[in-house]
Amino acid sequence: MHRARTAATALLAAALLTPLTACGDDSGKADDAKEKTALTVLAAASLTDVFKSAGAAYEKAHPGTTVKFSFAGSQELAAQVRQGAPADALVTADTKTMDGLKHETAAPTVIAKNRLTIATAPGNPKKIEGLSDLSKNDLKVVLAAPEVPVGRYSKKVLDDQHVIVKPVSQEPNVRAVLSKVSLGEADAGIVYVTDAAAAKDKVATVTVPDAQNAVASYPAAALKSSRHTTEAADFVKWLTSPEAQNLLRSAGFQQP
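Note that my numbering numbers the sequence shown so that position 236 is 236, with each residue one more than the last.
Any given hint could turn out to be false.
Claimed, not checked - Below 35 Å or equal to it, Euclidean Cα-Cα: the simulated DSBU-like pairs (lysine-lysine) are:
1. K113 with K52
2. K237 with K140
3. K52 with K140
4. K102 with K140
5. K136 with K60
6. K156 with K127
By construction, these hints were calculated from the structure, which means they are not laboratory data.
Just need the whole structure built from these sequences, with the hints factored in.
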């Protein structure tokens with residue numbers, strides 16, 4: 001009888017252990033799922049097209065990581081960082097904005113450079129030949145707001161050439177300027193070379209000579225508030241890799 005009770009007790013213990021073992025297996029799978037990392041990158045609006053390609057390339061090379069981008073004017077991105085928006089990395093279209101966030105970011109790295117061009121309606125019907133033509137009273141010119149990097153660059157090149165422009169509107173980012181021109185709501189606007197290239201046949205361009213142009217630098221940095229500081233730093237480092245640099249150059253960006 002004692003042996004029978006002992007056997008029954010052993011069977012009961014085994015039965016109780018079985019579901020516990022199964023739970024342990026499920027927990028392991030849950031832990032594996034938690035290892036997936038989702039990065040949120042705040043990026044300047046002018047990087048919209050190329051970063052979509054870059055994000056796909058990065059995810060392919062890093063199967064455990066997904067990258068989500070939030071695009072806006074650099075000044076808006078800076079405001080989001082200061083307000084504590086959850087994000088892991090930041091890429092702006094100027095060093096001034098990034099420098100103003102030095103307490104919120106790791107050391108930045110310049111990943112690319114850009115230049116300005118004049119965007120016009122297809123075929124350039126107003127026969128704009130250069131910056132000086134933007135002062136003509138019969139032209140509807142749109143610029144980015146002066147607190148936006150491209151707006152600041154635009155103001156500088158116009159001031160340097162002593163060209164006075166009265167814009168019909170001042171937009172929050174370069175893509176908004178481009179949209180106004182491509183939709184026919186403005187005759188011309190100053191945008192980055194890369195944005196005009198991305199618009200393809202929706203706009204024409206008038207080259208701004210190097211001697212009259214401005215160079216935009218794009219610094220990238222991991223955010224100190226990131227929950228994935230190592231992965232965010234890895235992404236920033238990857239942006240300087242040959243693969244990422246080839247994508248940026250293909251989109252018209254210049255080497256840093």
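Hint check results:
no. : hint           : in the structure
1   : K113 with K52  : holds (18 Å)
2   : K237 with K140 : violated (42 Å)
3   : K52 with K140  : holds (32 Å)
4   : K102 with K140 : violated (38 Å)
5   : K136 with K60  : violated (50 Å)
6   : K156 with K127 : holds (23 Å)
The structure fails to meet hints 2, 4 and 5 from the earlier list, while all remaining hints are met.
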